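There are 2 protein chains.
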Amino acid sequence: MNERYEQLVSQLHKLALLGSTGSVLGWEQETYMPEGGAELRSQQLSLLAGMAHQAATSSQLGEILDELSTEKFDDPHCPEAVNIRQAKREFEQATKLPQRLVEEMTRVTALSQQKWSRAKKANDFKSFEPWLQQVIDLKREEAQCLRNGDGPLYDALLDRYEPEMTTAQVQETFQPLREKLVPLVAEIAEASNRPDASIVSRNFPAEEQKKFAAEAAKAIGFDFERGRIDESAHPFCSGFGPGDCRLTTRYDENFFNMAFFGTLHEAGHGLYEQGLNPEAFGLGMGSSVSLGIHESQSRMWENLVGRSHAFWKHFYPQAQAHFPTALKDVSLDDFYRSINVVEPSFIRVEADEVTYNLHIMLRFELEQMLISGELNAAEVPDVWNEKFETYLGITPPDDTHGCLQDVHWSAGLIGYFPTYALGNVYASQFYAAAGDQLGDLSLQFKQGKFDTLKTWLNKNIHERGQQYPAAELVKVVTENEFDAQPLVDHLTTKFRAVYVLG
Amino acid sequence: MNERYEQLVSQLHKLALLGSTGSVLGWEQETYMPEGGAELRSQQLSLLAGMAHQAATSSQLGEILDELSTEKFDDPHCPEAVNIRQAKREFEQATKLPQRLVEEMTRVTALSQQKWSRAKKANDFKSFEPWLQQVIDLKREEAQCLRNGDGPLYDALLDRYEPEMTTAQVQETFQPLREKLVPLVAEIAEASNRPDASIVSRNFPAEEQKKFAAEAAKAIGFDFERGRIDESAHPFCSGFGPGDCRLTTRYDENFFNMAFFGTLHEAGHGLYEQGLNPEAFGLGMGSSVSLGIHESQSRMWENLVGRSHAFWKHFYPQAQAHFPTALKDVSLDDFYRSINVVEPSFIRVEADEVTYNLHIMLRFELEQMLISGELNAAEVPDVWNEKFETYLGITPPDDTHGCLQDVHWSAGLIGYFPTYALGNVYASQFYAAAGDQLGDLSLQFKQGKFDTLKTWLNKNIHERGQQYPAAELVKVVTENEFDAQPLVDHLTTKFRAVYVLG
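If you read the sequences in order, they're chains A and B.
Residue 1 is where the first sequence starts when you use this note's numbering, and the numbers rise one by one after that.
Residue 1 is where the second sequence starts when you use this note's numbering, and the numbers rise one by one after that.
One chain only, chain A, in its complex shape:
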């Protein structure tokens, strides 16, 4: 066992290094790479992906895993058992995909991201359409290879990001959420005592936004010795591995929320990455559970912490110091209400805490239609705009503010969007449990202390790696079943107060 296990660890470490090399290249592509480098970069990434796939599916690895699979563990959650189980799961998924498909997917998505970026700038969906269709076709092929049984093809794609979650389960969770949120949004729309939304749209110089957002990221515990923040068209977090985690954001001088809450969001992801066990790099015990659990960390810091009154009790004087012109005559309460405006808007990443979930539901439905074949790429703008009107009561003025806004599809990330709303559900459950176990956290936030919550997350979530799948982790940590009620409770309580509803 020991020798075989050491071999497994060594092979997985090498695999992780290959993946991590790809992450550096991917990050660089979005942050600094000149336009002319796109073709070369796509070739590099394709080669790396091919090599990684080869290593991930090698018969040598298969033999090691076969031998180790016969091992019995008294505790199925002990590190060795977890590492072997997760390696086996990944090996099985990887061996289902032909090398040709993996390489083609990498090549096409690298190029289609460039096409998307240009199409978005030029509001030119037509130029992106054939690339989107190519990606969809490849994803359908991928789903055919991966699927078990005869559930919808989409299940197989969802499972890659949210293991063991099905399309039906997500629909089941989203339905009551929608049923509660739609009337809440309507009631808010009618409210007579409204926040002054114009406050966050004053002028906030980018250089000061940059400094202030970095200060906040540092305050909640993001370690700049082991990471950094750069700019990209679409914000993201990329954990290269132990000691190196990258966040990106973007600045709008006339909108405070975008960079600030975007940075807190990515820093929440970053805290998860920086909280993983570095000794278990490449192993189940050193990896995040799922995208939904990852998103629970970013949404918790962005919304449950970052958009709370207690948070701003501490940070508002600093905000006023950074932006004296915009904020000198604004009270803390008015500012707090302004960052918590609920209003249907076009851009997902700028959406408020309540309507955000509706942006996700729309994408979730479009993706299912694209993957089932019910919809083709050419029809996306029309269907997007129709659904948008239905859910949010407004129609995007152009595709740049509609179906071209997100990078995900061009990057082949289909089945990924629902994990954002799942993250909101998990986050509310974890945050309620943290409050139960640690006492009133808002008292600490008012003093600028965030380490109690961070340490709790490190211990209860980050350091556990993939010891438990998402729903089980929720149970272990919160002693409750996976449930959207805490999210509904939070949103209802908070926004009835913000909008002074009876």
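Bear in mind the hints are in silico, worked out from the structure with no lab data behind them.
Quick caveat: nothing in here was measured; it's all calculated off a predicted structure.
Please note that the accuracy of each hint is not assured.
Pairs count within a copy or across copies, as identical chains cannot be separated in the list.
Here are the simulated lysine-lysine pairs, DSSO-like style, with alpha carbons at most 27 Å apart [stated by the list, open to error]:
{"id": "1", "residue 1": "Lys115", "residue 2": "Lys218"}
{"id": "2", "residue 1": "Lys454", "residue 2": "Lys211"}
{"id": "3", "residue 1": "Lys14", "residue 2": "Lys115"}
{"id": "4", "residue 1": "Lys475", "residue 2": "Lys459"}
Fit chain B to the supplied structure of chain A, relying on the hints for placement.
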């Protein structure tokens, strides 16, 4: 032939992509990587290097090359002949070195670079001495493995950076150069009409330096769609491959020359990289000839163009607009003389156009003595200081400003230094030929036109790849033998004028 040749091209392309991936990681390490990422990055680079070495020495590649070696070509300079010849050369070099030696060299140079870095800081040569001796011993062993025939061992090391150039040829070139430069430096030291060196040490705000240097790089033809400039502790150029070439520089607000001429220097390298045939990426026809030829391109744009009076006739008004405080009361002539101060100094990378070559000759002589066994590591400081006094008329105050200043030896880069001065020699020959063929280039420079020279370099040097080895390329392009006389002529004429010598 065709099928085998296609296989070769495909393997070399894959090898080039691996190398290019390493280049991205190396560039990022020097520009943006946070401190905590060092260990992970070294593991990534080590994995890539291992995979590249395996691919470069695979028996499959050996068989392909064996079969292709029997092919006869009417024209030995046709693309196929060149590509096969260069691939064979590299395969043979790579396979001549035993794995044990390669690993030992990697281990020892990694450690000795650390020892060097500490020794330099502490001015403690004694602590570095045994490590230097170990590197020398390993390089001697490497030379034994690589050498052909019974020329000096040093030939084999020089050949890695300057293929087909011998120690004797370099000596023959350097000797007359030294004989002319030593008295010129002495005469300059006695000159009564001296430039005002303080002009370039006024305050030049970094942001303006950045803009101005980028404008100049763009003006000489560096394509920012296919490259970019970032900051790093030590400036370099890294051509990732077709469409993507990175330059780095550094800014000193109290010294104009560093960033500006550093950028022009790296942009010269960059023009070479951007001028290579993208279709031949990874092949001899798409690769640079040698380090010396590469350096000829950087030194030409830095010195022969960038430090010329004609260049500043065009750029000086822009310089004054960027730096009104520093330059508003400075005439073009005084500025020109200030950027061309010649003064013996201790640090190679800060040396002027004339004395720079003497810094190189000194290192070249020491390296030969170390590799022949005539000198051991312990004797280096004394011999360094003696030669320094002889060549430059001054003695380093300590080893930090003497034999400990450069990283090269600790990194195992022996045989590398001479290519810097060879670059100056080639540059002057090419530049003289360009003038003969294109007419008086300074008339164009005065109008800010640099494309005639750039296009000539593209056609005569860059696009030829490794079609000819360096000395032969010089002959093909200039119709003259490799010769230091044009460099001597240039330096003598220019600096007798700058220092108003009779």
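State the violated hints by number, sorted upward, taking the hints as numbered earlier in the document. Of the numbered hints given earlier, the structure breaks none, since each of them holds.
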